[in-house]
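So the protein sequences, as listed, match chains R and P.
Just so you know, we're using the numbering used here here: the first sequence kicks off at 1 and counts up by one.
Just so you know, we're using the numbering used here here: the second sequence kicks off at 1 and counts up by one.
Hint data in this document are derived by calculation from the structure and do not stem from the laboratory.
Errors might be hidden in some of the hints.
The following label-pair restraints were derived from C-beta to C-beta distances [stated by the list, open to error]:
hint: 1; chain 1: R; residue 1: K141; chain 2: P; residue 2: A63; range: 38 to 46 Å
hint: 2; chain 1: R; residue 1: L114; chain 2: P; residue 2: V274; range: 14 to 22 Å
hint: 3; chain 1: R; residue 1: Q180; chain 2: P; residue 2: T186; range: 51 to 59 Å
hint: 4; chain 1: R; residue 1: V65; chain 2: P; residue 2: E42; range: 52 to 60 Å
hint: 5; chain 1: R; residue 1: L114; chain 2: P; residue 2: R98; range: 43 to 51 Å
hint: 6; chain 1: P; residue 1: A165; chain 2: R; residue 2: I304; range: 38 to 46 Å
hint: 7; chain 1: R; residue 1: V65; chain 2: P; residue 2: A83; range: 48 to 56 Å
hint: 8; chain 1: R; residue 1: F20; chain 2: P; residue 2: A63; range: 38 to 46 Å
hint: 9; chain 1: P; residue 1: L164; chain 2: R; residue 2: L179; range: 32 to 40 Å
Glycine is no exception: its CB is placed at the ideal position from the N, C-alpha and C atoms.
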Amino acid sequence: MATPTPSVAPTCRERLTPAFALACLGLLALGVASVLIGVGDMSIAALAGGEAQGHAQLLLLASRVPRTLALLFAGLSMGVCAALMQMLFRNRFVEPTTAGTAEAASLGLLTATLLAPGLPVIGKMAVAAVFALAGTVLFLKIIDRIALRGAVIVPLVGLMLGGIINALTTFLAYRADLLQSLAAWTTGDFSGVLRGRYELLWLNVALAALAYGAADRFTVAGLGDAFARNLGLDYRRIMALGLAIVALATATCIATAGTVPFLGLLVANVVALVMGDNLRRTLPWIALSGAAFLLACDIIGRLIRFPYEIPVGTVAGVVGSAVFLYLLLGRRYRLG
Amino acid sequence: MTVGARGGWGFVLSLRGGKLAGLVLVGTAVAVSTVLFQTLTENRILTPAVMGFDALYVAIQTAVVFALGAQGAAAIDPRLRFAGEAVLLAAAALGLFRWLFDGRRGFHLVVLAGLVFGILCRGLANLLQRILDPNEFSVLQSLLFTRFNVVDTALLPVAAVAILAAGALALRLAPTLDALALGRDTAINLGIDHRRMVTILILLVAVLVSVSTALVGPVLFFGLLVSNLAYLAIGTERHLHTLPAATLIAIACLAGGQTVLERLLGYDAALSVVIEFAGGIVFILLLLRGTRT
Numbered sequence: 001m002a003t004p005t006p007s008v009a010p011t012c013r014e015r016l017t018p019a020f021a022l023a024c025l026g027l028l029a030l031g032v033a034s035v036l037i038g039v040g041d042m043s044i045a046a047l048a049g050g051e052a053q054g055h056a057q058l059l060l061l062a063s064r065v066p067r068t069l070a071l072l073f074a075g076l077s078m079g080v081c082a083a084l085m086q087m088l089f090r091n092r093f094v095e096p097t098t099a100g101t102a103e104a105a106s107l108g109l110l111t112a113t114l115l116a117p118g119l120p121v122i123g124k125m126a127v128a129a130v131f132a133l134a135g136t137v138l139f140l141k142i143i144d145r146i147a148l149r150g151a152v153i154v155p156l157v158g159l160m161l162g163g164i165i166n167a168l169t170t171f172l173a174y175r176a177d178l179l180q181s182l183a184a185w186t187t188g189d190f191s192g193v194l195r196g197r198y199e200l201l202w203l204n205v206a207l208a209a210l211a212y213g214a215a216d217r218f219t220v221a222g223l224g225d226a227f228a229r230n231l232g233l234d235y236r237r238i239m240a241l242g243l244a245i246v247a248l249a250t251a252t253c254i255a256t257a258g259t260v261p262f263l264g265l266l267v268a269n270v271v272a273l274v275m276g277d278n279l280r281r282t283l284p285w286i287a288l289s290g291a292a293f294l295l296a297c298d299i300i301g302r303l304i305r306f307p308y309e310i311p312v313g314t315v316a317g318v319v320g321s322a323v324f325l326y327l328l329l330g331r332r333y334r335l336g
Numbered sequence: 001m002t003v004g005a006r007g008g009w010g011f012v013l014s015l016r017g018g019k020l021a022g023l024v025l026v027g028t029a030v031a032v033s034t035v036l037f038q039t040l041t042e043n044r045i046l047t048p049a050v051m052g053f054d055a056l057y058v059a060i061q062t063a064v065v066f067a068l069g070a071q072g073a074a075a076i077d078p079r080l081r082f083a084g085e086a087v088l089l090a091a092a093a094l095g096l097f098r099w100l101f102d103g104r105r106g107f108h109l110v111v112l113a114g115l116v117f118g119i120l121c122r123g124l125a126n127l128l129q130r131i132l133d134p135n136e137f138s139v140l141q142s143l144l145f146t147r148f149n150v151v152d153t154a155l156l157p158v159a160a161v162a163i164l165a166a167g168a169l170a171l172r173l174a175p176t177l178d179a180l181a182l183g184r185d186t187a188i189n190l191g192i193d194h195r196r197m198v199t200i201l202i203l204l205v206a207v208l209v210s211v212s213t214a215l216v217g218p219v220l221f222f223g224l225l226v227s228n229l230a231y232l233a234i235g236t237e238r239h240l241h242t243l244p245a246a247t248l249i250a251i252a253c254l255a256g257g258q259t260v261l262e263r264l265l266g267y268d269a270a271l272s273v274v275i276e277f278a279g280g281i282v283f284i285l286l287l288l289r290g291t292r293t
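Just chain R, same shape as in the assembly (with noise of 0.2 Å):
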């Protein structure tokens, strides 16, 4: 690295600031109340004492508290990888389901399922990772190609490729027999998630805390190729380190229990409305919010038909959708 960029970092006052104390707690409220709705009977009552202890108990550990976790890390990681890819691609609409990133790790995950069924979730979840890489980079090339890179058209381009890739993919599973198992990756659904079966989300926290590490490179980064190398940037090992990140991240993600559309955008976007673009400021409020709107998405689809559960993909779909047609075509927002 060359001469390191001056330090803007925050005092440790600075950070802790009161709201965000305040937003912790209420994360730590939804937690709260994420662990305590469900359909088995797992009442305080029950978890203190008598008869039903154990199986409370089991209930809890090994169902509720993976799954908020799950939920927590899935979120936190989804708004920073978000965030990381608007730095890099310089555009305020990419994300993970508008690049083509998801749709490349789920045909990574079919062709491992595929090829190697033996194989266990890591080794799948590297064969994604390393797909979802080459779909980013597929996806970087075609950007370049375009001669006039206004603002709409970079994830109007990354929804087509992720749409010829999903067709792909289709195809292949169609041809295997695999739809079901497609079906089951590609909309975001935690009601599976046990003990034992979301650990890979700890690696998300890993990531999301090297990319808050390097924040102040991205910001940077963001600035444009040109810029960021008169300041004394390596704008490619950041781009690349960029693009592992994310794309081990959206591959965990979608190991574990498939990818929500939109919601890193909508964070990430709704983040920078408020406090603009220093990631280092940003980030932990991008992560907080990813993770807030994804619990409560799941808590809506677990109380909408009670005792039936709507997948949290479903959920959070429509509200980004709706979200990112406002954003697109409001009144704040006069994009050519």
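Place chain P on chain R using the hints.
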């Protein structure tokens, strides 16, 4: 229709005849609606499907079932229900069109908004279906996917009447459409009542989209493929030529494609996937070329 037929001809002809009739009707509907829409919006990338009209229709279908309850919806004559849904789609399409195409928004923005709107409608339909019947969701979900293999024969007569009427009207309006294709200001200069024509065209498109979606479900990129192939093949932009050409190409693609996939390759339900794949590539190529009539 006759390749590889086994069993009594009476059964085969009626079964496959129904399928073929359905394909012909759907092909016509999609081709005509796409060409009309592209004239209306003055560009070759937008189609009613890209704008989310198909998905909107499915959402309306689901909402109707949601509002009336499963028993109530089943009690109504399917043709009456279809007519009601078509009317709702026409009204929604008019409102949407007026709002989006007010001339102040960029072209790519409208396309992206249309795509996201389609995703929103599909998500809404999905959500409503799951709320309706969490157990039988997978059965209902077949509504969301294009099934060229199974055509709803109860609606065929109504569909045929609607499509023939719409097609005849479109052909009769062909000279006006040619003038419209020159642009809004030029058309008004030439004495065309632009607002009235827009309304008529949107209504026609809505009816055609309702028919094709009711018969086989939503088709995302088929119209795009067909219309651009027609423009390539015919060379001129005169609607008297492009409308029939697009129709014939659509029918050939559907019937031929289905035959090839079914008989030669043995993949029954894959036509829609192949179309989506090819159409997506065409879409990206068109975007990159920056086409704008």
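Outcome of the hint check:
1. K141/R x A63/P: 38 to 46 Å: Hint holds: Cβ distance 42 Å, inside 38 to 46 Å.
2. L114/R x V274/P: 14 to 22 Å: holds, 19 Å
3. Q180/R x T186/P: 51 to 59 Å: holds, 54 Å
4. V65/R x E42/P: 52 to 60 Å: holds, 57 Å
5. L114/R x R98/P: 43 to 51 Å: holds, 48 Å
6. A165/P x I304/R: 38 to 46 Å: holds, 42 Å
7. V65/R x A83/P: 48 to 56 Å: holds, 53 Å
8. F20/R x A63/P: 38 to 46 Å: holds, 41 Å
9. L164/P x L179/R: 32 to 40 Å: holds, 37 Å
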